[in-house]
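Chains as they are written, first to last, in the UniProt record's numbering: chain A, 1 to 225; chain B, 1 to 225.
Certain hints may be false.
Computed, partial: chain B to chain A, Cβ under 10 Å [to be verified]:
(1) Leu4
(2) Cys27
(3) Ile35
(4) Leu39
(5) Gly46
(6) Asp50
(7) Lys54
(8) Lys62
(9) Tyr65
(10) Ala180
(11) Met190
(12) Gly192
(13) Arg202
(14) Glu204
(15) Tyr208
(16) Gly215
Covered, in the sense of this in silico footprint (three residues per stretch, anywhere, with C-beta under 8 Å from a C-beta of chain B), are these stretches of chain A [said to hold, decoys possible]:
(17) 66 to 73
(18) 112 to 118
Since the hints were made in silico from the structure, they are not lab data.
All C-beta atoms in this analysis are idealised placements derived from N, C-alpha and C, irrespective of residue type, glycine included.
Number of protein chains: 2
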Amino acid sequence: MGPLPRTLELFYDVLSPYSWLSFEVLCRYQNIWNINLRLQPSLIAGIMKDSGNKPPALLPRKAQYLASDINLLRQHLQVPIQLPKDLFSVLLEKGSLSAMRFLTAVNLEHPEMLEKVSRELWMRIWSRDEDISEPQSILTAAKKAGMSAEQARGLLEKISTPTVKNKLKETTEAACKYGAFGLPVTVAHMDGQTHMLFGSDRMELLAYLLEKWMGPVPPAVNARL
Amino acid sequence: MGPLPRTLELFYDVLSPYSWLSFEVLCRYQNIWNINLRLQPSLIAGIMKDSGNKPPALLPRKAQYLASDINLLRQHLQVPIQLPKDLFSVLLEKGSLSAMRFLTAVNLEHPEMLEKVSRELWMRIWSRDEDISEPQSILTAAKKAGMSAEQARGLLEKISTPTVKNKLKETTEAACKYGAFGLPVTVAHMDGQTHMLFGSDRMELLAYLLEKWMGPVPPAVNARL
């Protein structure tokens, strides 16, 4: 028997583009590193409020940098990420409350589907500039991820229940307790220690803590692309 | 004759800990990558003012994260970086105006000394928790970097001249024109394109644009340590 897998928690919101980048790189590495990856759907708006932080895109130069940074990272990380045309409406008006409650319901009832449904929601908002706030948008993403229409509708009906609402609150509060002031947040539990890493740009550091880093597209993944 | 070296500009302030990390990694890579590294002493306070950004350490959770992040990066990057005890007095009260004017004077008159003097100032503020705002502190750093006492005093006398003041302003404005909202900022000029990268965590991306990435401590450097 080899060593026990270490647990990594990824706190994310599909509204956060850098969360998507972390998510894809960690999904690629979960077998390579022998980690137990726990996806933790959280609400970025709640984290901003609790920490007193402001969305970076509110500062014009940060919004401008986001566009060029995302453009380079798309190529380097091989994730089809793209800025939506109306960034402010998407980030500040529409938000992600229903989508993150839906993912919370998926996590509670069909955790095996969480990775795929999350990815389909990111593909909508951060690749194809499609809505994720309307019920129909969420159902379409769930279907694309492989859920039956009935299963998806059943989960969507549950997003206003106290169970789902409270679970999303609890996960968001857990991120705050780890010190989150934005997302993504990766929490590595290893050798009795807990390391909280913020952002998608601490992957090499995480690899340094865990094991070997082979770039954001490790060879085994590269061979499959 | 091989290909012409590409030019990389590093805009930095010794008040910025992540600037030090970028500086050391780029100094290690400058021969490996065949780049022409242009060190650009700038004033972070000027960039914050011009962009409307706020020092991250003002947000309690960001200050808390800075401490743990720096602690991990010190080991991974092999740079002896350490938080000063009274972070707020160092960052917000004392600042770096004289130190950055001194480095500007060094850059104008003895550019060959700029790397060493910059490093000694970082060693003071971000490794040994020593002052960099008093004339004597700056002279001591310059001497440690290999300058004669006379040479250092001569440069220190020039930090209030319009030439030095204006040059620091111009460099800071140049960073702003590239879109800076903080430091470090690395500007890569290559193949007729200009890429602006913010922070010390875009080194792998820079390597992707330029050439091969071998981690923050490339083998040739590792062998010398």
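Now the hints, each set against the structure:
1. Leu4: 23 Å, violated
2. Cys27: 19 Å, violated
3. Ile35: Result: violated, 18 Å to nearest chain A Cβ.
4. Leu39: 22 Å, violated
5. Gly46: Since the shortest Cβ distance to chain A is 14 Å, the answer is violated.
6. Asp50: 9 Å, holds
7. Lys54: Constraint on Lys54 of chain B satisfied, holds at 9 Å.
8. Lys62: Check passed: Cβ of Lys62 of chain B comes within 6 Å of chain A, closer than 10 Å.
9. Tyr65: Check passed: Cβ of Tyr65 of chain B comes within 6 Å of chain A, closer than 10 Å.
10. Ala180: Hint on Ala180 of chain B: holds, closest Cβ of chain A at ~7 Å, below 10 Å.
11. Met190: Violated, about 13 Å.
12. Gly192: At about 16 Å, which exceeds the 10 Å cut-off, the nearest Cβ of chain A leaves the hint on Gly192 of chain B violated.
13. Arg202: Status holds, d = 7 Å.
14. Glu204: 6 Å, holds
15. Tyr208: 5 Å, holds
16. Gly215: 7 Å, holds
17. 66 to 73: With 4 residues closer than 8 Å to chain B, the region 66 to 73 of chain A meets the three-residue bar; holds.
18. 112 to 118: Coverage by chain B is violated here, the residue count being 0 at a Cβ distance below 8 Å.
Comparing the model with each earlier hint shows violations of hints 1, 2, 3, 4, 5, 11, 12 and 18; every other hint is respected.
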